[in-house]
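**Q** Spelled out, the chains give:
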Amino acid sequence: MVIAIGFEGSANKLGIGIIKDGVVLSNPRHTYITPPGQGFLPKDTARHHREHALSVLQQALDEAKIKPQDIDVICYTKGPGMGAPLVSTALVARTVAQLWKKPIVAVNHCIGHIEMGRLITGSKNPTVLYVSGGNTQVIAYSERCYRIFGETIDIAVGNCLDRFARVLKLSNDPSPGYNIEQLAKQGQKYLELPYVVKGMDVSFSGLLSFIEEKAPELIEKGEYTPADMCFSLQETVFAMLIEITERAMAHCGSQEVLIVGGVGCNKRLQEMMGVMAEERGATLFATDERFCIDNGAMIAQAGWEMFRSGITTEMKDTTCTQRFRTDEVEVTWRK
Amino acid sequence: MAEKKFHHALYPDTTIILALFRDVENAKEVRQAVMSGKFDASLLKASMIVDEFLVTVAANKAVHSQRCGKMITKTVHSEILYNLSAGRKITEAFKKIGISDTDTSVLVAIAGEEEKVLQSLQALKSVIKGRQVSLDELSSLADLSAVRKEYKLTDVELSSCSPVGAIASRIAAKDIITV
Amino acid sequence: MQRTFFKQGAEAKLERCTFYGKPCLVKERFRKQYRHAVLDKSLTTQRIKSEVRAMLRCRTNGIKTPTIFMVDMETNSIYMEYVEPSITVREFIADVQQNQAGDCPLLALAEQIGQIIGKAHQSNIIHGDLTTSNMLLAQKFQGDAQSTEKFTPADILQKNIQDLEVVLIDFGLTALEGTPEDKGVDLYVLERALLSTHPNTDHVFEAILMSYKKNNPRGAAEVVKKLDEVRLRGRKRTMVG
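Chains as they are written, first to last, in the UniProt record's numbering: chain S, 1 to 335; chain D, 1 to 179; chain L, 1 to 241.
Check the hints yourself; a few may be wrong.
Unchecked claim - Here are the simulated SDA-like pairs of lysine to any residue, each with C-alpha atoms no more than 25 Å apart in a straight line:
(1) D:Lys152 x D:Ala142
(2) L:Lys49 x D:Val156
(3) D:Lys152 x L:Lys41
(4) L:Lys140 x D:Val164
(5) D:Lys70 x L:Phe30
(6) L:Lys225 x S:Asp154
(7) S:Lys185 x L:Gln33
(8) L:Lys49 x S:Lys102
(9) S:Lys335 x L:Ser196
(10) L:Lys7 x S:Gly199
(11) S:Lys102 x S:Asp21
(12) D:Lys152 x L:Glu81
(13) D:Lys70 x L:Arg31
(14) D:Lys5 x L:Lys22
(15) D:Lys4 x L:Gly21
(16) S:Lys214 x L:Ser42
(17) L:Lys13 x S:Arg280
(18) S:Lys267 x L:Lys13
(19) S:Lys335 x L:Arg233
(20) S:Lys189 x L:Arg233
(21) S:Lys198 x L:Asp228
(22) L:Lys22 x D:Leu144
(23) L:Lys119 x D:Pro163
(24) S:Lys189 x L:Gln122
(25) L:Lys49 x D:Lys4
Just so you know, these hints were derived from the structure itself, not from any lab. Since the model is a prediction, treat every value here as computed from it, not as a measurement.
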């Protein structure tokens, strides 16, 4: 029986979660929400994490009904993500590890998403679409590595959506992406936007520039409503993601697809992916906002896997890094 | 009966006929007969057609365009002619690929409902003063340098494939590629 | 028109038929139900045009590709020559290795492959999906001296590589402009496809590169540099944050 606690703070969500042998005991989270039209800056985000770390930690322990001495391993997000927020979260993890005299494991954020997705959905060996504000990758497991089949060559899809939400001055509560999704449901008129898929990779910066420039004037002229714009944006970016996912699935002969990451909460994306999966006779796996969105339990889960396969991180190596590729990690816990 | 008759690949109710005439004395008269509506046909300069397959490709495309309501010219017969030309100007097509008053070798293509097509062919045969020959003679009538010039075929291209493939591809893709 | 099923990919279905007596392959792109109808049509139309343009451009630059017979935008289909007799380069390499026929055929083949990719890149055609299944070996064109002897695919395996030519197919992922990195990636895809399908062919790829350099004299240096960068990273694109 192994109990793992995970500390996640690579972006604006601070999450601390506890897992015991594949069961989520607690998974509280506090999100740093900025006013409409504004993104979140590293310094302010780090401050938010520092301010809430201890209360979220207490909440995690209380909800799980466990004491520090019950914990077997401390897991924290090493990267990728924003520097200052990563470091301030890691600091808390390092501190409790030393305080409680427990081993510590450095976890890759993306792998946290993947392992949580696999745990919650029960999918065996899916092609994974990992989409969030900071990442967009199509991943498949092969020989002890989460191989990246396709990815964005510039910005992440979540980033694209968030920035457009700012243009429209949508609220950031609970998240800009959520509000785009709701508004899109009312959209009907489709605007053709730049669609850029190069082989297995996608590119969103051209599309973003285009829509940032054109949207205000089109809305003002009354040709398209903000809802239409959100609708068109989603239909386009999601189609791009599904196309590269399908290509990866065809290449690997895969019959399972799993969506993880904050953008994975989006019901329209799930719906569209479901259509593609059905056409291929494949199964779609998706989670809800508890696990799609950055959370502590996913770090605990990945860390738990690593710990069980014999991995721990020496205190001197418990650093953080903004760039940390999914395929750099040796996946020792799978065959 | 030296002509070739076959059905369209996608629309079996459409018949296409190809026929070749040499030593034609009255090209002008035949052309005027078509223009005045005595019968419908594409009158092609045999010297510009290296292989009957090219007319087939052009006719196949023309009929398809007609069915989809997407013809560039007014009739399926002018469309066949247009499809065979390398350029986008209809008048140029008629000049380069259509017969002139002095041409003596004429390749005829007729497309449409079978009975009408056969009737047109009969009507044409009654007007034309020349001898009908097998389509196999077409290749001997080709003016290769004029053809090369029309389709801008290069040595590089011709060293690796026959002009038929080169020209067929151009006919099929004309509206997609820039000239 | 009688059509028989040939192959199916994620993007399109391939069927065989005859086009006025000539062996023909029909590539029909599917409607993707998950895509908005307007986007789907626009994308599909764009891609068909790209594919056709690439094939034409190859042709005018002396790279063998199937003849195009008809493009039907109503059904998103391309009707093209079914190149026969032919075998894929993949089958050829497998056969050579199985029969332990030595390196000569493979090196001669590499020379041709390097030549066509070099020419393609020089004309700014980036195939996008270079694998040994997307290259065919067929009877070499001999112009007026074309023999009327028709042989079977099995015969091809017996032929001397000098009597055969490589035909490039499947331009579904093609791009008609690109950076040296895109071309480097094009070569990298081929290298990975070659090495993962056919063991011990590193020297074959090296031979392809040598021939490539000769046939893309101006651009090769930069492309190969990018290829080395991509190989080192072990992945296809510059890492981003």
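**Q** Taking the hints in turn, state whether each one holds.
**A** Structure-based check of each hint:
1. D:Lys152 x D:Ala142: 16 Å, holds
2. L:Lys49 x D:Val156: 24 Å, holds
3. D:Lys152 x L:Lys41: 32 Å, violated
4. L:Lys140 x D:Val164: Holds, at roughly 16 Å.
5. D:Lys70 x L:Phe30: OK: Lys70 of chain D and Phe30 of chain L at ~22 Å, within 25 Å.
6. L:Lys225 x S:Asp154: Roughly 22 Å between the alpha carbons, so the hint for Lys225 of chain L and Asp154 of chain S holds.
7. S:Lys185 x L:Gln33: 18 Å, holds
8. L:Lys49 x S:Lys102: 62 Å, violated
9. S:Lys335 x L:Ser196: 20 Å, holds
10. L:Lys7 x S:Gly199: Within the cut-off at roughly 20 Å; holds.
11. S:Lys102 x S:Asp21: Holds - the C-alpha atoms of Asp21 of chain S and Lys102 of chain S are around 17 Å apart, at most 25 Å.
12. D:Lys152 x L:Glu81: Satisfied, since the Cα-Cα distance of roughly 22 Å is no more than 25 Å.
13. D:Lys70 x L:Arg31: 22 Å, holds
14. D:Lys5 x L:Lys22: Distance ~16 Å between Lys5 of chain D and Lys22 of chain L Cα, so the pair holds.
15. D:Lys4 x L:Gly21: 13 Å, holds
16. S:Lys214 x L:Ser42: 20 Å, holds
17. L:Lys13 x S:Arg280: OK: Lys13 of chain L and Arg280 of chain S at ~13 Å, within 25 Å.
18. S:Lys267 x L:Lys13: 30 Å, violated
19. S:Lys335 x L:Arg233: Within the cut-off at roughly 24 Å; holds.
20. S:Lys189 x L:Arg233: 43 Å, violated
21. S:Lys198 x L:Asp228: 20 Å, holds
22. L:Lys22 x D:Leu144: 23 Å, holds
23. L:Lys119 x D:Pro163: 20 Å, holds
24. S:Lys189 x L:Gln122: Judged against 25 Å, a Cα distance of about 42 Å means the pair is violated.
25. L:Lys49 x D:Lys4: Given that 25 Å is the threshold and the Cα spacing comes to 33 Å, the pair is violated.
Of the hints listed earlier, those the structure fails to meet are numbers 3, 8, 18, 20, 24 and 25, in rising order.
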